[in-house]
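**Student:** Sequence order for the protein chains is A and B. Residues in the first sequence are numbered from 409 upward in steps of one, following the numbering used here. Residues in the second sequence are numbered from 774 upward in steps of one, following the numbering used here.
Quick caveat, the hints were computed from the structure, so don't treat them as lab data. There's no promise every hint is true.
[As the list claims (entries may be wrong)] Below, in silico cross-link-like pairs of lysine-lysine (PhoX-like), each with a Cα-Cα straight-line distance of 25 Å or less: (1) A/483 - A/503; (2) B/825 - A/473; (3) B/924 - A/483; (4) A/473 - A/503.
[Claimed, not checked] Residues on chain B that point at chain A, a partial pick, calculated with CB under 10 Å: (5) 781; (6) 787; (7) 788; (8) 798; (9) 816; (10) 824; (11) 836; (12) 870; (13) 872; (14) 888.
All residues carry an ideal CB built from backbone N, CA and C; glycine is no exception.
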Amino acid sequence: MGFSTLIDILGSIMIGGILLMILLRLNDSAVQNSFQYNCEAITQRNLVEIVQLLEHDFRKIGFCKDWNNFPDPTKAIIAADSTTITFLCDVDSDKDMDTLRYILGSSDELLQTPNPNDKMLYRQVNNEPLGGANLGVTQFKLTYFDSFGVEIPFPILTPSEIYTMQIDLVVEDVVAYNQEYNRVFWRQIRLAARNLGNR
Amino acid sequence: MLLTLSALVLLSLVVLRVLNGFLNTNSILMETKFGVLGVSLATSILEEAMGKAFDETTANSGVAYATTDLSSIGSDGEIYPNFDDFDDFNNLNFSTYDTTIESNRFAKMYSAEYLVNCTVGYINPASPNQFSASKTWHKKITVQITTPSSKDTISMSTVYSYFYYR
């Protein structure tokens, strides 16, 4: 075996090694991107699901299929805070008023999930147990405005002043590759519940 | 040598194809992300408009008994966001990066610039897709959202009708 053959073998090993490294890196990127893309799609779907539910429920604030059962819409919002709201509405259109409550839980409740910031967004109808699923909500912030469009400071002592509200919602991945969590943001600047204006 | 070069070319092609796939998926996901934000902005404008009075003549007091009582489409001197009725939103154009809008309400609210264009007109229920030349009890607003960051245009519409309960 001559010197040139030795050079050929060494060169082949080097090129083969480089090709192997490229392939391994490519495989790693493929796995990472595939994971992230799927997570991003799931996150966006989760956000849309939450927004659809919120818009459905919040539009019904003060609504009752039989208006005689709830003639005074000014009393529709019982309590309002930056992360919690309790209001009256006929959620299932059965002519009976229901009490609906949205509560943002604490991140300490979901310590078992990899994302340290995700929280439970609870939806409670009347006195039923708190319901909800972990969809990766990391922010659920409510801001309230009066009929002149002026922001109402917290604590809100007179919920009947609320005319419109702003909903800020951020949803992140529950799990992520290398702890790189995708975020999707939604801001409903003014949600004018029809029945709140009925005064 | 020729075999090695061929292998390298083949591998390069595979790598390029895979990277191209990654970039395509990435841009699609970014488009949907911009779309979600654009829809939230369009819905917000629609909700804001629906929270106003139906017409200038019914904004503060009084009731419109005939369609001839209704005002013409367009702002009656009010400047956004101090509109008092639904059709004031006609020809409202602004950028979310516009800091001259009162309270900078949209400035830096969104991660990308969005351009808002609103059109309002009277419609006939029989043909809701076309604006009516005559005044009716129904007005339609169309909000178009575009952004330099996305190729798509988001267009959302809603109809506002006038009801008076005696």
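**Student:** Are the hints correct? Go through all of them and say.
**Tutor:** Status of the hints after comparison with the structure:
no., hint, in the structure
1, A/483 - A/503, "holds (17 Å)"
2, B/825 - A/473, "holds (24 Å)"
3, B/924 - A/483, "violated (45 Å)"
4, A/473 - A/503, "holds (5 Å)"
5, 781, "holds (8 Å)"
6, 787, "holds (8 Å)"
7, 788, "holds (6 Å)"
8, 798, "holds (5 Å)"
9, 816, "holds (6 Å)"
10, 824, "holds (3 Å)"
11, 836, "violated (16 Å)"
12, 870, "violated (15 Å)"
13, 872, "violated (17 Å)"
14, 888, "violated (16 Å)"
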